[in-house]
Amino acid sequence: CITSYVAFPGGLRALFVELIGGSVQFDIFDFRATLEKQAKADGCHQVIFLLPRKWASKVPDYKISHCLLCKDLA
1 CITSYVAFPG
11 GLRALFVELI
21 GGSVQFDIFD
31 FRATLEKQAK
41 ADGCHQVIFL
51 LPRKWASKVP
61 DYKISHCLLC
71 KDLA
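Number 74 marks the last residue of the sequence shown (our numbering); no jumps.
Hints listed in this document are in silico derivations from the structure and should not be mistaken for laboratory results.
As the structure is a computational prediction, the values presented were derived from the model and not from experiment.
Backbone N, C-alpha and C fix where the C-beta goes; we use that ideal spot for every residue, glycine too.
Some clues are possibly wrong.
Said to hold, decoys possible - Computed Cβ-Cβ distance ranges for the label pairs, DEER-style:
hint : residue 1 : residue 2 : range
1    : 45        : 72        : 29 to 35 angstroms
2    : 8         : 38        : 16 to 22 angstroms
3    : 40        : 73        : 18 to 24 angstroms
4    : 57        : 11        : 28 to 34 angstroms
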């Protein structure tokens, strides 16, 4: 899990939570409310999860807003 703050042109500020898979030592989704609270306290307008689509069911109150396509390069 990697978290970072991003400020977009136009004033939008967001907390990115990037979950890239692999062996998970703890369930980051248990800390979702804490992440959201901290992001709001830090002036963020959104929390954005970047995660494998199969994990989307873990955050049912979030909407899928973009499609990210990846290609492994040999």
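Earlier hints that do not hold, by number: 3
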